[in-house]
Each structure stands twice: as structure tokens, then as C-alpha cells.
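Enquirer: Listed here are the chains, written in short residue letters.
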Amino acid sequence: MSTSPLTDLGLPGLRSGTELVPTTDEKQTGKDFTSDQEVRWCPGCGDYAVLKAVQSFLPDLGLRRENIVFVSGIGCSSRFPYYLDTYGMHSIHGRAPSIATGIATAREDLSVWVVTGDGDALSIGGNHLIHALRRNVNMTILLFNNRIYGLTKGQYSPTSETGKVTKSTPMGSVDHPFNPVSLALGAEASFVARTIDSDRKHLTEVLAAAAAHRGTSLVEIYQNCPIFNDGAFDAIKNPDTKPDAIIPLVHGEPITFSAGTKGLVRDQSSGGVSIVATADVPTEQLLVHDAHHPDPSQAFAISRLTEMGYLNQTPIGIFRQVERTTYDDAAREQVTAATTGDDDAADQSARLAALIGGGDTWTIL
Amino acid sequence: MIIRFAGDSGDGMQLTGDRFTQETAAFGNDLVTLPNFPAEIRAPQGTLPGVSSFQVHFADHDILTAGDAPDVLVAMNPAALRANLGDLHKGATIIVDTHDFTARNLTKAGYSDNPLDGESLDAYSVHPVDLTGMTVAAVKEFGLSRKDASRAKNMFALGLLSWMYGRPTETTTTFLAKRFAKVPDIRDANIAAFKAGWNFGETTEAFAVQYEIKPAVMPPGTYRNITGNLALAYGLVAGGVQSGLPVFLGTYPITPASDILHELSKHKSFGVTTFQAEDEIAGVGAAIGASYAGHLGVTSTSGPGVALKSEAIGLAVMTELPLVVVDVQRGGPSTGLPTKTEQADLLQAMFGRNGEAPVPIVAPQSPGDCFAAAVEATRIAVTYRTPVLLLSDGYLANGSEPWRVPSIDELPAIDPDFATEKNHGSGDDAEFWPYLRDDATLARPWAIPGTPGLEHRIGGLEKGDGHGNISYDPANHDFMVRTRQAKVDRIADSIPPVEVDDPSGEAKVLVLGWGSTYGPIGAGVRRVRKAGYHVAQAHLRHLNPFPANLGEVLKGYDKVLVPEMNLGQLSLLLRAKYLVDAVGYNHVRGLPLKATELAHAIGELVGQAEGIDIDLGVWGEPTQKEHI
Ligand code: SF4
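These protein sequence lines are chains A and B, in that order.
Heads up: the first sequence begins at 1 in my numbering, then just goes up one per residue.
Heads up: the second sequence begins at 1 in my numbering, then just goes up one per residue.
Keep in mind that the hints were calculated from the coordinates and are not lab data.
What you are looking at is a predicted structure, and each value in this text was computed from that prediction instead of being measured.
Backbone N, C-alpha and C define an ideal beta-carbon position, used for all residues, glycine too.
Treat the hints with care, since some could be wrong.
What the hints assert, rightly or not - Okay, derived cross-link-like pairs now, DSBU-like style, lysine-lysine, Cα gap no bigger than 35 Å in a straight line: (1) K147/B to K195/B; (2) K31/A to K237/A; (3) K27/A to K422/B; (4) K422/B to K31/A; (5) K594/B to K108/B; (6) K594/B to K559/B; (7) K422/B to K52/A; (8) K214/B to K195/B; (9) K140/B to K108/B.
Said to hold, decoys possible - Between beta-carbon pairs, the in silico distance windows are: (10) L151/A to S334/B: 28 to 38 Å; (11) A330/A to N199/B: 51 to 61 Å; (12) H89/B to D342/A: 53 to 63 Å; (13) G505/B to G359/A: 37 to 47 Å; (14) I470/B to N238/A: 54 to 64 Å.
Next up, chain A with everything else stripped away, as it sits in the complex (with noise of 0.2 Å):
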């Protein structure tokens, strides 16, 4: 497994998201994980890269194939579980939370994958998912942001900027978008990062860590859509551009950007965070990133630094990861502790027959 600071999170004694997967010393590799679907996404779309990614990544994991569940809804994003060769369902527009919930609160031995979008995720399916993290079920979630609607082709999504012109709003948007992190933090989210498509060394760095960690992970991954929403993320994946545009998480680093001259500290009549340049406070004034803090006020602080309108800034890593018991966990072991190990088929009907047999009864011979 990586060793990169994005998955040494430093918090020894975590039980790993994948702790009770059953694990495989043969050697994979991306192609045991391909399956053999042709993939159906337009030319150029940002899907691409992270199917390539998650199928060469799946292989770091070492857990048998046959224990990996991708669950999707509807959307471009939804078709992935077709393309990969484990135990996949593509559901309905919405749901996939709640299936993978039921999946995840059945089955220990699964490492559960939801891959969803933004209207899959945030319009539709709004409640399932801010439940799915409230509950911190043990599950990774893939939110496809291209902040437009793909597959019923080109209206404006709950992630695109108010005054956007679409099919649907030829007059321009007057919906005001949501901010998928801060939303995760809200919704008391335990581990939420955001990385973008076209970077495979961040965002393999960012499923490692989602992977790892025990409890729902939100990764909200960037993802150009060149025919609905061309360029929604030029600002920063231009080389030129993006030193300025990208404001990097590690945790425990100081948070700075654009080559080390802008950084972050706390703004005390807001209770927020701002930009300054690091030549005019002293160092130890600029914001430490600890994703690791039980209160999310510093992360969702940094959030709100993302651009609502055409994306020319955003912090990108892991906002947040703290351990919180899990809600397949505590289900299951409510379960085991009322069961008694060696219950045998016969001793399940004879326990039947009591528990039908019992209350006020009486005989009539």
C-alpha cells in the first residue's frame, strides 16, 4: 500500500475499511479487474481516466475479486459497475446509498463502492446520501462532479453555477449550487476528500486512503464532461493556471499555494479562513491542515473557499478523517450479541416453535 502522506493518516489502532474482506495472495492486476463490456462513454470524457485508475487500483487492495461490490444509480458515471469484473449493480436514479447500505449492514466480508454523480448524488438521491454519512456506513462513495447532467443531455445540475446556460435554462440558472464538501461535512460525514480525473497519482492516493478508511468515505473526483460542460475545470488542470487554483490539503502541513506564496489563516470576525500572501504573516500564523480534528469547523472552513460560480479555486485532498463507529458495525453486533454461536438449524426451529408457542396459551385436546 502507498505510503504517501495523503494515506499515512497517523491514527494508529483504526480498523481499516477492509479490515473483514477476505484477502488474496495471487497477484491481479488491472486487467483481472476489467470485464469484457465494451465501455460506452463519449470520446474524451473524464470517466475514462477514473475507471482506468480504479481498475489499476483495485489490484493494491489484495482483496479477492469476488468480495468487491460497485453499486451505481443513473447517470453517464452509473455504467462503470458494467465495465468491472467483480459483483456490481447498476440501480436506480438515487439509490445506490441505500442499496449499498443494506449490502454493507448484510455482509462483513464486502468492500462496498458506490459510484454516483451530481445530480445522481445530490438531486435525486439528496437524502440517501447525507443519511448514508450520518450513519457512516462502511462504504466508499465516488461522486462524479461534472456539474451538468450527461446522460439526459445538458441541463444544469445542482453543482453548476447560478447563471448557467443550459438546454433547460436558456435564460441562464437561477439555482443556487450546492458545495458537495461542505454538504458531506454537514451531513457529519467521517472521511471526505475531493481530487480531480485527470490527476491518477492524487486520485489513486485519495481511493487509497477512502479504501482504508472504516466508515463512508466521500470522494468528490472532478470530471470534465468535454460535450455538455467543456472546460468546467480548465482553471485547474491548466499548467499555467493551476498553482494558482488548486490550494493543496495535506494534513499536517501548512496549507499554501501558488508556489508557496499565498497560504490560509483564521479569519476571526467570520470564523472562517482567508487567503494572505505568506510574506506578510509570520509562519506560524498559517492554518495547519489536521483532517483529523473531532470538530469539522476548520474543514468545512476551508470548503467554502471553493469557487461556487466558474471554478477558478479550490482545495483539493482530504478534508477530513476522523474514526466514528460504523453503522453496518454496531448493527451487526447487536445481532452477534444476541445469538448464541452454535445455533444449529434445529436448534433455530425448536427456538421457532418457542417463540410462536409462547405468551398466553392453552390446550385443546
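Starting from the structure of chain A, add chain B with the ligand where the hints point.
Expert: Showing chain B with the ligand alone in chain A's frame:
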């Protein structure tokens, strides 16, 4: 004997009725109960909408309904008297708690004069008793506040009725001791009030007669009194045990289905997981996920919840995964009448999804029968890899009856038959095809995650026959739509033929019902037969597919009457499928059908079919009991 306890929703009438029922069950009478309560948790005190009642019908013979007209009404306040008087027959006994007959409460109930003073109740045998006053006096020694003391009045009333009908009292004293174990003064006050009520009956001349109803003669076995929701929850646990699958209930609380969640959450020792989801859709979604992972996915709800779940049920149709969907029907549409019963979700169960999405439907006919129906729904879901709709209703859910506890050997074995091997091609080319079907059942293989070599993807998009990959081929879609329908039709091979009860063999009229109307239909039919006429009766447990012989059965009769608590949903299905001129008998009053009214409707049709005049005589009177 039909007794109705009625009072304010805060007066504890459901508890009182329930205790009287337990005593009656313990005594060995046959019984049927009908709880009736407002949707509001605390409706305004003393008003008509706030009246809550519990009716129990018991007898020394086999009975089928909670009865049409009570013989005894216990009314704890003016509103309870006013709301229930219309249901009583002349000569019925009314026991009134006079304590609340104050000017203020009379006004709240809409009385301008005190009915206890005038002649309006002359047709009844009225016993005005200060139940509250006597209760307060009886529990004085426990030093409770007047308010707390008066709350024990329901136990005083129960004690009085228990004496009148010679009910055994131990179950109630034991129950009270347990229920209030933590608050000794309340416990002692309730027990004291209960005993005081009994003693009041014994010492007062007003109630000189102690009625005697002998135990009923019932088939041998161990019996218990059970409500539909409890029996249904037990049936799901049994379905899990019989199939060897852990039960996973994904659900959202909704009246009148929530008790199924409450009950199942107590049975973790059977490996049952209950998941209280954020909404109805997540409930069914999680259940589908659990089924995919190899558990028995179950979701429980009422009509509005089924509407929300319909897209997900369609996903289970398409992915062909086992799923039991429990719909405890209530009055609709929309929020409708949450606490009242109705059967108006049959067509929703049958057709309420986009596309051609056939779903098998199973309906219990009595509270105890909810157990067997839940086991049957599980058998179909697991064997045929399909969602199944289990249609209970509010009357079954909360009503109770003595139930003969089945022995475990009587339950069917259910085989999940998980796929473990590749099923297509051989050698290195061998593959797993998730949509290769079993010849007999047309069920597809169920391969659960963790099974090596059988990795596969399923989903809501149309599947190619056999291999199960996405297919937009027109001929394939036509074939798959027909195959999914054929699979559901195939279930008819595994269900028993519908049995017709036609003792004389000369009936020209068949009365065909489904679900909770079983009791009232049976009672109505008995009345018509007692009056000397011929009529046949049959009841459907399987609504989709219908039993294979149903078409033949229908052809054998000149007229078919279909009583339902809806506007004719089964009638519509029968007419469409069998081109039979089904005659509907339909009421949507939120209450069970009345046997006497039904008897008249049956009689009328018998008259038409046989060209004779019908006179039901005493058997057409609500006061006439259903004795056979
Ligand atoms: S529409 Fe956009 S998001 Fe969808 S496949 Fe095409 S490029 Fe990708």
C-alpha cells in the same frame, strides 16, 4: 356476546379491551376483536373525534367476525355514548360512567340535554354508574393524586365486565403486576380498582345476572390469541428459519405497519436485522441490497409507502431478486384514513409500476393467517427470485383471534439454492450467466457476492436473455417481458386449487372474496344458509397468479358476488381475465363489512339467480347471532 368498550383516547380503552380479550381467550371462547381508534395521538379530550373503542365478540362456538351490533356498550364519557349509540340494537345494555356527564362535557359531545335524564335511552338497558368516583374511593389508600387515581377507572370497568361474564382474573392481575412493577403505588391502585370493579358487580343488585358463556369447541391443538401484525412478524421470522436466510427488514415507520418493525427488532437472536431507513425508498433499497448479498430482504409499509417504493420494486422485478413487500392497507387515497382499514391497494399491488412488471400477490384472510401468508410470500419470493406483495390490512393488523399454533413440521422447507458453479460453456470458456433459467420455475440463478468465479453485474436496464448483459434488441425485450410474466404465471403450478364451500352442491351463487373480508363473508353466508337458501363460498389467498382452477370454478355458478372494501378491484381483475359478470358488493367506510348487510346482498342475488323471493327472517337481523 359482543362488548364494546368506548372512551376518550386517553382512557385506556385499547388496553381494557385487550385485557378482556386475553381473559376470554384464556377461558377458551372463540373470539374476534375490532379495535377502532383515532389517527391523532391525543385528539381533543371529550370530543367525538377523540373517541377510541375496542370491540370483542366471543362465543361458545366458532365465530367469524367482530359482530355487527354490540350487546353491551361501556361508555366512559358523553362523547363515547354519542359516537357509539347508533351501532347498538334495541335492548342492548349500556354501562355509563356518569362522572363525566357534566354540562361542559355534554356540550363538547354535542348534547344539549343530558341523555341520562330524558327518555332517549328508554329502548336500552342503561346502567349509570359513577365508575370514576368509585375508582377514586377504592384506591384512596395508595395516596395518589386525584388525576392518577381516576385513571384506574378503566380497570374498574374491566373488573365489572369480568365479573359479568365470569372471566378468569389471574391473567390481568399478573399482567398489571408486571406492567407497573416499577411504580408500586400505580400497580396496587390498578389491581385494587380491578378487584373493586369485580366486587361491585358481585354485590350490586343492578347486575344480578352473571352471564355464562361456555368455552367453544375448537379443533385440538395449542392456542394463543394473536393480532395480525404479530402473526405476520412471526411468519417472517419463520420464513427466515425455513429458508436458512437471515431476515433483513428495511423499513420506515407508518401506521398501521410499524408494529411489524417493532416486533422484528426484538428477534435479533434469529439473525434478524432491522434497518429503520430515512424514507420508504431507502427501506426497500436496503432490503434489495441485502437480498443481493444473500439475505431475505423484506420491507414493510402501508399504501402510501408502496407508492414510494414502486420504482424500487420494479428494480427487483428486473434484477429478479427475492423481496417480500408487506402492505398493511389503510384507507386512501393519499394520507386517507391511517388508522382505518381498506382493501383498495390490490390494483396498486398488481399494476402500480412502470412497464410490464408482474408481481405475485398473497393475502391473509384472518389475523392468525398472517403467519402462514408471510411464510408463503417468503416461499414464492425465494423460489422464484421475485418481489412478492403481501397484502394485509388495518383490520387484520390490529384485530385478534385465537390461533392454533402450528408445529414447525407443518411449515414448508424453502431452498435458496444459491448458485456456486459456472453454468454456461465448459473448460476455460466456462462462464456464469445470471439469466439462464430453471426449466420448471423459470427462476434465474442467485449468485451472491463472495462466490468466486461468478462475478456478474445486474441492474435496471433490460437484460439479454441468458447472459444478462445490457440489451436494447427489440426481439430480446419482447421475449424478456413475456418471460418475466411467464415466470409469475408459473407460480400457479405450486399453489393449491381454490376450494369451494358449497355444502348442498345446489348453489347457483358463489361469493368470492380475498383478504380480511373472509370473516364477514363467512358469517353472511351462514346467515343465508340458516335461512334455508343455497350459496357457495370461496376465498382467494393468491391474487396473482390466481389458482389454476379459478376459471373453472367461476363457470360453475350463475352469479358471482365479490364483496370488497374497495370499489371493485378484484371484480375488475376477474372480469378482465375470465369474462365473468362479477357483481360487486363494495363498502369503503374504514370498517369491516357487516355480516347482516352482506347476508341481504347475497340473499338478493340468490333470489335473482333462482327466481324466488328471499326472506332471511331472523337471520337478517343484526341481533341474531351467527350460531350454526
Ligand atoms: S455526456 Fe459527458 S459525462 Fe456523459 S459520457 Fe459523454 S462526456 Fe462523459
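Enquirer: Look at each hint and say if it fits the structure.
Expert: Evaluated hints:
no.: 1; hint: K147/B to K195/B; verdict: 20 Å, holds
no.: 2; hint: K31/A to K237/A; verdict: 28 Å, holds
no.: 3; hint: K27/A to K422/B; verdict: 22 Å, holds
no.: 4; hint: K422/B to K31/A; verdict: 20 Å, holds
no.: 5; hint: K594/B to K108/B; verdict: 30 Å, holds
no.: 6; hint: K594/B to K559/B; verdict: 21 Å, holds
no.: 7; hint: K422/B to K52/A; verdict: 28 Å, holds
no.: 8; hint: K214/B to K195/B; verdict: 23 Å, holds
no.: 9; hint: K140/B to K108/B; verdict: 30 Å, holds
no.: 10; hint: L151/A to S334/B: 28 to 38 Å; verdict: 32 Å, holds
no.: 11; hint: A330/A to N199/B: 51 to 61 Å; verdict: 52 Å, holds
no.: 12; hint: H89/B to D342/A: 53 to 63 Å; verdict: 60 Å, holds
no.: 13; hint: G505/B to G359/A: 37 to 47 Å; verdict: 41 Å, holds
no.: 14; hint: I470/B to N238/A: 54 to 64 Å; verdict: 37 Å, violated
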